[in-house]
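J.: Sequence:
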Amino acid sequence: MPEDRGPLRLGLLGCAGFARRRALPSLARLTEITLTAVASRDAGRAKLFAGEFGGEPVAGYEELLARDDLDAVYVPLPAALHAPWTGRALEAGLHVLVEKPAAATAAEADRLTRAARERGLVVMENFGFVHHAQQEAARSLLDEGAIGELRSLTAEFAFPPLPDTDIRYQPGLGGGALLDAGVYPIRTARLFLGDELEVTGASLREDPGRGVDVAGAALLTGPTGISAHLGFGFVHSYRCGYTLWGSAGRIGLNRAYSARDDFTPTLTLERDGRVEERRLVPDQQFTTLFRRFAAAVRDQDVAGPAHDLAQQARLVERIAATARRLPL
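Going left to right, the sequence shown walks through residues 1 to 328 as full-length UniProt numbering numbers them.
It is worth saying that the hints were derived from the structure and are not from the lab.
Worth double-checking, as some hints may not be accurate.
Unchecked claim - Here are the simulated DMTMM-like pairs of lysine to aspartate or glutamate, each with C-alpha atoms no more than 25 Å apart in a straight line: (1) K100 - E136; (2) K47 - D166; (3) K100 - D166; (4) K100 - E317; (5) K100 - D262; (6) K100 - E118; (7) K47 - D164; (8) K100 - D110; (9) K47 - D69; (10) K100 - E277; (11) K47 - D195; (12) K47 - E63; (13) K47 - D68; (14) K100 - D207; (15) K100 - E32; (16) K47 - E62; (17) K100 - E206; (18) K100 - E63; (19) K100 - D299; (20) K100 - D308; (21) K100 - D164; (22) K100 - E149; (23) K100 - E196; (24) K100 - D42; (25) K100 - D261; (26) K47 - E32.
Starting from the given sequences, assemble the full structure and let the hints guide the process.
T.: See the structure below:
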């Protein structure tokens with residue numbers, strides 16, 4: 001960041017629809033970050049985003065990285081481009097906030113985290129849901145012993161088939177259910193069970209015509225025997241939640257991963273033969289995410305975000321390598 005501790009000067013590397021819908025409106029609320037430049041390979045699209053959210057339009061990613069008025073970049077490109085362009089941004093001396101998955105393999109993650117450490121830069125993977133207050137509400141109840149001792153976790157993120165032209169059906173762009181939807185339940189398992197998780201079973205259902213996995217499941221086990229049962233895919237009815245099952249009850253969230261800013265979450269607490277539904281307050285998870293990214297840069301917290309990124313990639317890779325693959 002600038003020596004005077006002014007706002008973090010951010011460049012947008014890629015004008016993705018998700019960034020326009022969710023991330024950039026949240027960024028606009030902050031004083032800690034200013035959008036300085038917007039890059040797209042389509043000059044018209046860069047101008048459109050810049051006109052809507054501010055910053056100077058730039059025709060091309062290389063031109064953005066060559067600027068001398070940036071401290072960091074946000075990378076919302078297709079999955080297969082995350083690691084290459086994050087690496088190039090780090091080489092250019094820029095901090096990076098990158099959409100999930102930041103890396104598809106442990107080797108990719110190691111290259112990124114090594115580059116960040118060597119240069120004293122922050123590289124953070126964007127899992128917005130982790131920063132929503134509903135996760136803190138579930139954690140607080142668990143820590144208070146509201147459901148006794150945790151025995152298992154079940155987490156699912158799945159939705160109906162996508163349009164045929166969706167990039168998540170394109171293997172060359174890092175498509176597939178594991179890298180798109182599956183990473184959310186995996187991150188949930190790490191959130192509550194830690195990083196010492198063993199993959200004790202996994203399966204992936206593949207669409208032979210498209211060449212990508214469109215559904216999957218995994219069973220993970222922690223060092224004390226607590227299990228995580230994960231499901232994900234593009235061929236289901238909608239499901240976006242998790243359940244913590246303890247010795248004396250259960251805690252559940254039904255919209256854990258895609259809560260919009262105005263959404264009122266409902267937490268379900270089951271214990272003593274009763275079911276209680278608690279309405280939680282709406283929260284701006286992406287605003288909190290950007291604020292924490294700026295704080296990590298300010299505080300030079302290089303190790304924490306890099307560790308999270310690397311642990312996530314290693315677990316995803318182990319699931320992919322372990323999975324039994326079956327045709328849909």
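J.: Given the hinted pair K47 and D195, is their alpha-carbon gap at most 25 Å?
T.: Distance of about 42 Å is beyond 25 Å: violated.
J.: Does the structure keep K47 and E62 at a Cα separation of 25 Å or less?
T.: Given pair K47, E62 holds - Cα atoms ~17 Å apart, limit 25 Å.
J.: Would you mind confirming whether the straight-line C-alpha gap from K100 to E32 stays at or under 25 Å?
T.: Measuring from Cα to Cα gives roughly 23 Å; hence the hint holds.
J.: Between the alpha carbons of K100 and D42, is the straight-line distance 25 Å or under?
T.: With a Cα-Cα distance of about 23 Å, the restraint between K100 and D42 holds, given a limit of 25 Å.
J.: Given the hinted pair K100 and E149, is their alpha-carbon gap at most 25 Å?
T.: Violated - the C-alpha atoms of E149 and K100 are around 31 Å apart, more than 25 Å.
J.: For the pair supplied as a hint, K100 and D261, is the alpha-carbon distance within the 25 Å limit?
T.: holds (20 Å)
J.: So if I understand the rule, the pair passes when the alpha-carbon distance is 25 Å or less; does K47 with D164 pass?
T.: violated (28 Å)
J.: Is K100 close enough to D207, meaning Cα to Cα at most 25 Å?
T.: holds (22 Å)
J.: Need the status of pair K100, E277: alpha-carbon distance at most 25 Å?
T.: Given that 25 Å is the threshold and the Cα spacing comes to 31 Å, the pair is violated.
J.: Quickly compare the C-alpha distance for K100 and D164 to 25 Å and report which way the hint goes.
T.: It holds: about 22 Å lies between the C-alpha atoms, which stays within 25 Å.
J.: Would the hint linking K100 and D262 be met if the CA-CA limit is 25 Å?
T.: With a Cα-Cα distance of about 23 Å, the restraint between K100 and D262 holds, given a limit of 25 Å.
J.: Is K47 within 25 Å of D68, Cα to Cα?
T.: holds (20 Å)
The earlier numbered hints that this structure contradicts are 7, 10, 11, 22.
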